[in-house]
Amino acid sequence: ELAARGVRRGRVVSIRKGDVLVDLGGKSQGLISELQFDEEPPVVGKEYDFSVERYDKTEGLIILSRRMAGAVQHTVNWENIDVGTLVEGTVTGMNKGGLELQIKSMRAFMPSGQVNLFFEKDISVYLGQKMVVEVTQADALTHNLVVSRRNVLEREKEEAKKKLLEEIQEGDSRRGTVRSVTDFGAFVDLGGADGLVHVSEMSYKRIKHPSEVVKVGDQVDVKILKADKQTGKLSLSMRQAMPDPWADLGARYPEGTEINGKVARVENFGAFVEMEEGIEGLLPVSEMSWQRIRSPKDVVKPGDMIRLVVIAIDPAQRKLTFSLKQAGPDPWKEAADKFAPDTIVVGKVTRVVDFGAFVELEPGLEGLVHISELSNNRVRTAAEAVKPGQEVKVRILEVDKEARRVSLSIRRAIEIAPPPPPSPEQLAAVAAAKKKQAEREKKRGELKGGLDFDFWNKKL
Numbered sequence: 001e002l003a004a005r006g007v008r009r010g011r012v013v014s015i016r017k018g019d020v021l022v023d024l025g026g027k028s029q030g031l032i033s034e035l036q037f038d039e040e041p042p043v044v045g046k047e048y049d050f051s052v053e054r055y056d057k058t059e060g061l062i063i064l065s066r067r068m069a070g071a072v073q074h075t076v077n078w079e080n081i082d083v084g085t086l087v088e089g090t091v092t093g094m095n096k097g098g099l100e101l102q103i104k105s106m107r108a109f110m111p112s113g114q115v116n117l118f119f120e121k122d123i124s125v126y127l128g129q130k131m132v133v134e135v136t137q138a139d140a141l142t143h144n145l146v147v148s149r150r151n152v153l154e155r156e157k158e159e160a161k162k163k164l165l166e167e168i169q170e171g172d173s174r175r176g177t178v179r180s181v182t183d184f185g186a187f188v189d190l191g192g193a194d195g196l197v198h199v200s201e202m203s204y205k206r207i208k209h210p211s212e213v214v215k216v217g218d219q220v221d222v223k224i225l226k227a228d229k230q231t232g233k234l235s236l237s238m239r240q241a242m243p244d245p246w247a248d249l250g251a252r253y254p255e256g257t258e259i260n261g262k263v264a265r266v267e268n269f270g271a272f273v274e275m276e277e278g279i280e281g282l283l284p285v286s287e288m289s290w291q292r293i294r295s296p297k298d299v300v301k302p303g304d305m306i307r308l309v310v311i312a313i314d315p316a317q318r319k320l321t322f323s324l325k326q327a328g329p330d331p332w333k334e335a336a337d338k339f340a341p342d343t344i345v346v347g348k349v350t351r352v353v354d355f356g357a358f359v360e361l362e363p364g365l366e367g368l369v370h371i372s373e374l375s376n377n378r379v380r381t382a383a384e385a386v387k388p389g390q391e392v393k394v395r396i397l398e399v400d401k402e403a404r405r406v407s408l409s410i411r412r413a414i415e416i417a418p419p420p421p422p423s424p425e426q427l428a429a430v431a432a433a434k435k436k437q438a439e440r441e442k443k444r445g446e447l448k449g450g451l452d453f454d455f456w457n458k459k460l
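Numbering (my numbering), first residue to last: 1 to 460.
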């Protein structure tokens with residue numbers, strides 16, 4: 001008899017986060033909100049009477065209600081039915097405007113806007129289901145009967161909201177259903193009252209739009225941030241209902257730890273890298289490379305997976321700093337041994353500035369060629385002598401490991417080619433010149449007039 005009237009006897013199996021699971025016998029199980037037990041809280045193992053609302057195909061559960069169980073009129077006909085009467089009917093069909101129901105021997109119509117509290121695109125899911133509805137129009141002469149399920153749900157929600165606001169406290173954790181998603185957040189139904197989860201309270205990770213995290217119909221856990229019992233407004237947080245990923249970050253990733261991260265976005269001062277969901281840190285431009293770089297975009301781009309070293313962590317301030325260059329070898333450690341003074345090597349010009357040019361000797365190691373060392377010829381600007389990307393020979397002048405500076409010279413790296421060997425004619429000319437010079441030396445001792453230097457010695 002109870003089943004025929006849409007009322008079922010069931011035993012409470014479990015209670016979890018406001019949802020009560022009911023064993024209806026056989027293989028049937030139902031679900032009902034804890035808020036619908038007005039008289040006393042539900043007790044596991046105790047039996048109650050329930051009204052069948054509908055069957056949820058997705059969850060495989062019968063959705064139950066208690067508030068309407070004792071208020072439904074089961075003996076109705078065209079003589080006693082009236083506007084405002086609560087009746088139970090079975091959905092027998094669907095047309096363009098809504099649903100068709102069979103209520104005892106009477107046929108009724110329910111507009112699609114009166115099926116639920118919110119718009120449902122597909123109302124065919126209600127075909128064959130029993131539901132409690134309120135009569136909104138009844139004309140026995142024309143047999144016109146219009147009903148509304150929405151009115152029943154609104155009254156039920158208002159009662160549930162009143163009870164919820166009496167019980168709820170700031171800091172409580174609840175489970176709710178996402179009813180709508182906007183640009184600034186999502187509204188979550190807690191079983192009688194809707195609360196707003198602002199986009200900033202949806203996740204520990206940075207998101208652009210709430211739709212990245214939730215969609216209508218999702219079941220989510222929330223924490224009550226603020227409850228205004230006079231206005232009924234609730235402020236909720238999803239991320240504060242989750243474990244805080246920053247809580248033990250210092251223990252899991254102490255300074256010096258090498259990690260893999262994904263570049264989330266690139267700014268002028270560096271790049272933000274996500275090491276795990278909800279945890280982002282800064283890779284400063286100064287920690288991107290051992291050599292000077294013009295822009296972080298020259299090194300990384302969004303989506304890149306890179307190897308990093310944690311160099312600073314402050315869980316309290318939620319700040320994390322990475323280094324890309326320290327995840328690889330330091331080229332300056334062996335720079336003095338690999339590039340001894342006066343060594344001539346080949347490098348590539350990376351930048352040309354007013355006072356000279358920077359030349360890359362190997363990845364991460366640059367040296368400066370001062371403008372005075374660019375050419376043997378006088379140059380007004382460094383750009384007259386070299387261009388970025390040009391390969392040049394340079395001589396190592398000095399390596400300062402502590403200051404991380406290398407002084408180079410291009411003009412001193414220019415090797416002067418040895419002269420070609422003399423020809424036979426040149427050799428003969430040189431020999432003749434030498435002979436002539438010898439004869440000239442021999443006559444140097446003789447004075448004009450036939451006197452020589454020995455004359456004075458002989459006279460004495």
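Be aware that one or more of the hints could be misleading.
Said to hold, decoys possible - DSS-like mimics (lysine-lysine), calculated; alpha carbons at most 27 Å apart, straight line:
#1 46 <-> 157
#2 435 <-> 387
#3 96 <-> 208
#4 325 <-> 297
Stated by the list, open to error - Derived Cβ-Cβ restraints for the label pairs, each shown as a range:
#5 212 <-> 159: 57 to 63 Å
#6 212 <-> 390: 18 to 24 Å
#7 328 <-> 384: 50 to 56 Å
#8 198 <-> 17: 49 to 55 Å
#9 251 <-> 398: 44 to 50 Å
#10 44 <-> 137: 42 to 48 Å
These aren't lab readings, by the way, just hints derived from the structure by calculation.
All C-beta atoms in this analysis are idealised placements derived from N, C-alpha and C, irrespective of residue type, glycine included.
Hints, one by one, checked against the model:
1. 46 <-> 157: Distance ~25 Å between residue 46 and residue 157 Cα, so the pair holds.
2. 435 <-> 387: violated (54 Å)
3. 96 <-> 208: violated (38 Å)
4. 325 <-> 297: Distance ~15 Å between residue 325 and residue 297 Cα, so the pair holds.
5. 212 <-> 159: 57 to 63 Å: violated (35 Å)
6. 212 <-> 390: 18 to 24 Å: violated (47 Å)
7. 328 <-> 384: 50 to 56 Å: Since the Cβ atoms of residue 328 and residue 384 sit about 36 Å apart, the hinted range of 50 to 56 Å is violated.
8. 198 <-> 17: 49 to 55 Å: Violated, at about 22 Å.
9. 251 <-> 398: 44 to 50 Å: holds (46 Å)
10. 44 <-> 137: 42 to 48 Å: holds (43 Å)
In summary, the numbered hints that this structure violates are 2, 3, 5, 6, 7, 8.
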